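Chains as they are written, first to last, in the numbering used here: chain A, 1 to 204; chain B, 205 to 408; chain C, 409 to 654.
I should point out that these hints are in silico values taken from the structure, not numbers from a laboratory. Bear in mind the structure is a predicted one, so any value in this text is a computation, not a measurement. Treat the hints loosely; a few may be bogus.
[Claimed, not checked] Straight line, CA to CA, 30 Å or less: simulated DSSO-like cross-link-like pairs of lysine-lysine:
id	chain 1	residue 1	chain 2	residue 2
1	C	Lys-464	B	Lys-303
2	B	Lys-403	A	Lys-180
3	C	Lys-582	A	Lys-9
4	C	Lys-513	C	Lys-480
5	C	Lys-480	C	Lys-650
6	B	Lys-303	C	Lys-509
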Amino acid sequence: MEYINLFVKSIFVDNMIFAYFLGMCSYLAVSKNVKTANGLGIAVIAMLLITLPLNYLLNKFVLQPGALSWLGDKFAGVDLSFLSFILFIAVIAAFTQVVEMVVEKFLPALYSSLGIYLPLIAVNCAILGGSLFMQQREFGNIGEAAVYAFGSGIGWWLAIVALAAIREKLSYSNVPAGLKGIGITFITVGLMGIAFMAFMGISL
Amino acid sequence: MNAKLKETILNPILKGNPITVLVLGICSSLAVTVELKGALVMALSVIVVTGMSSLICSLLRKTIPNRVRIIIQLVVVAMMVILVDQVLKSFEATFPLDKQLSVYIGLIITNCIVMGRIEAFALGNKPIPSLLDGLANGVGYGLILIIVAFFRELFGSGTLFGIPVLSALGYTNNGLMILPPMALILIGCIIWVQRSIQKDLQEN
Amino acid sequence: MNTNSNVYTVIYTTVVCVLVAAILAFVSSSLKPKQDANEKAETISQILTAAQFGEKSEWQAKGNAAVLDFYKQNIAEAVLIDASGNRAGELSAADAAVYGKSELKAQNYNVKDGKDMKVPVYIFKNGVSVIPVYGAGLWGPVWGYIALQSDLKTIAGAYFDHESETPGLGGKIKDDPAFRAQFKGKTVDFNDSKAAFSIVKGGAPAGKANAIDAISGATMTSRGLDEAINVWLGAYKAYLTKNPEE
Chain A
1 MEYINLFVKS IFVDNMIFAY FLGMCSYLAV SKNVKTANGL GIAVIAMLLI TLPLNYLLNK
61 FVLQPGALSW LGDKFAGVDL SFLSFILFIA VIAAFTQVVE MVVEKFLPAL YSSLGIYLPL
121 IAVNCAILGG SLFMQQREFG NIGEAAVYAF GSGIGWWLAI VALAAIREKL SYSNVPAGLK
181 GIGITFITVG LMGIAFMAFM GISL
Chain B
205 MNAKLKETIL NPILKGNPIT VLVLGICSSL AVTVELKGAL VMALSVIVVT GMSSLICSLL
265 RKTIPNRVRI IIQLVVVAMM VILVDQVLKS FEATFPLDKQ LSVYIGLIIT NCIVMGRIEA
325 FALGNKPIPS LLDGLANGVG YGLILIIVAF FRELFGSGTL FGIPVLSALG YTNNGLMILP
385 PMALILIGCI IWVQRSIQKD LQEN
Chain C
409 MNTNSNVYTV IYTTVVCVLV AAILAFVSSS LKPKQDANEK AETISQILTA AQFGEKSEWQ
469 AKGNAAVLDF YKQNIAEAVL IDASGNRAGE LSAADAAVYG KSELKAQNYN VKDGKDMKVP
529 VYIFKNGVSV IPVYGAGLWG PVWGYIALQS DLKTIAGAYF DHESETPGLG GKIKDDPAFR
589 AQFKGKTVDF NDSKAAFSIV KGGAPAGKAN AIDAISGATM TSRGLDEAIN VWLGAYKAYL
649 TKNPEE
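Chain A extracted, bound-state conformation:
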């Protein structure tokens, strides 16, 4: 039940895009059509699922104050938390590169449809944001971290596919010249954000 609650909450209530505005840059840049948006969304889900549990372990066994106590009592007082940004981002960047190589080697079809979006993910705030929220919220175990990662990823995917669908339709509308393209997209996302606020406060 706890897991289901966390899952639903991370999709709708704590939606990465509409509640925290994380990963906005690629969200706006790659939402011109549903197909590519779908590809990027899936890539984000995958990266969150890989990096978040990994960073969870890193945080638990290396970074937290006292986390190094498994090395012996001498290390119990070590606090490496000032390194967390740098290690989290290093894990994310390294894995982006690894995933890119693996996909290229073994799944060339997927790579050709997705490949160009993979490098973009290293700088996607949603991925780093996920890890930072995980650190801040102190999940009890790795299962919770993974569920949170999956839920947040789905939420991001949902948001980008929805926006892409709206933008596809928008291209047939008569928008004032100055607002065409990115301007109307900003306003659309703002309205979607207001709609998503209706989910706030839901808990199962």
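Given the coordinates of chain A, assemble chains B and C onto it according to the supplied hints.
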């Protein structure tokens, strides 16, 4: 000052503004624009971080191996961000500023402007122009931040820098302005105004 | 030199990472004492504000040294209390030792299970006792201090802080003096069947001594603060109802 340097400095502020034209660094611009004070602190830190990381990456540009350049760039940016954070925290006078900033500090790392300028400019140019480019982009970003924050604080809370302005005249605060989606809609409007004046920026 | 060879790439990355880690470790360890001093003065100035010794912003202007001096002169003792309300230790008043946010966070688990709890009470010479509270707001943690008169029932004042509540909405728990001022003169009532103290959405019923109005537009933050206050008050219940005068 020669024409090219002047172009380097002026372009990011108006014609190539990172937020309204390049659509970079949106995530943080939404979160910190509820109050002018926070927006100002964020703008200043971003200016420092973009300038310094562009300078360092430009100095290193001939030695960075191409395959790991994203990781190296992220490490440099993360280092600068952590340094700014640590220094701000250490002085009695700046400690309250850091408190204001602490939530957003992680967001500077994945602020696409920083990475974007390193990729697009610093890696191919000499250190001094890179430093200027970084600083100018920071300024262009800060400018939009402050415009948005001005309207959100004025109409959302009736104050400017915490000093009652509209609320002193019996204005009822518009709570909608404080909510994050309004930042998106405001940026949309700024884009509209800018593109109505600079017609060459309009999209088809 | 071939900057694309594997060996070069690996060596380069390692050197950069080690270098950066070394710089950061050096900076962080050399600035740590100053940062801790700032953090401590911040915590103490919040406690002082809750106990109605001046305003937070005034303390900030006076500087760290003034805050510490005043605290040392006016504190009677700072004791640690366990779950059954007994004294389980002491924080050195001479060093102006206090529980900062991270210690409160660590104790929050113990407070919730009621096991191994060790939480501070700051008792000032004028009889005011200050107890901390800690919990989750809408976006991140909220915490603060509630000052009680010597009867340990009447609230003398309060101060709250938060990590990332929305400025202008949830952020008002810290920024709006009017919200804090509501606490003054209210009481903590453990005989109330619902909650010892409540923050009521839509306004507290008139005449209710252990309730205040929630912040309109910040339901989740108010609810989180309400929970934080009640969970921590619950933890202190044994101590607060013991009547230490006897």
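Hint check:
1. Annotation: proposed proximity of C/Lys-464 to B/Lys-303 holds, straight-line Cα distance about 14 Å (limit 30 Å).
2. Using a Cα cut-off of 30 Å, the hinted pair B/Lys-403 and A/Lys-180 holds, with the two alpha carbons roughly 12 Å apart.
3. At most 30 Å may separate the alpha-carbon atoms for a hinted pair to count; C/Lys-582 and A/Lys-9 meet this at roughly 27 Å.
4. Using a Cα cut-off of 30 Å, the hinted pair C/Lys-513 and C/Lys-480 holds, with the two alpha carbons roughly 25 Å apart.
5. Between C/Lys-480 and C/Lys-650, the direct Cα distance comes to roughly 27 Å. Compliance with the 30 Å bound is thereby established for this hinted pair.
6. Distance restraint check for B/Lys-303 and C/Lys-509: the Cα-Cα separation of roughly 13 Å lies within the 30 Å cut-off, and the hinted pair is therefore satisfied.
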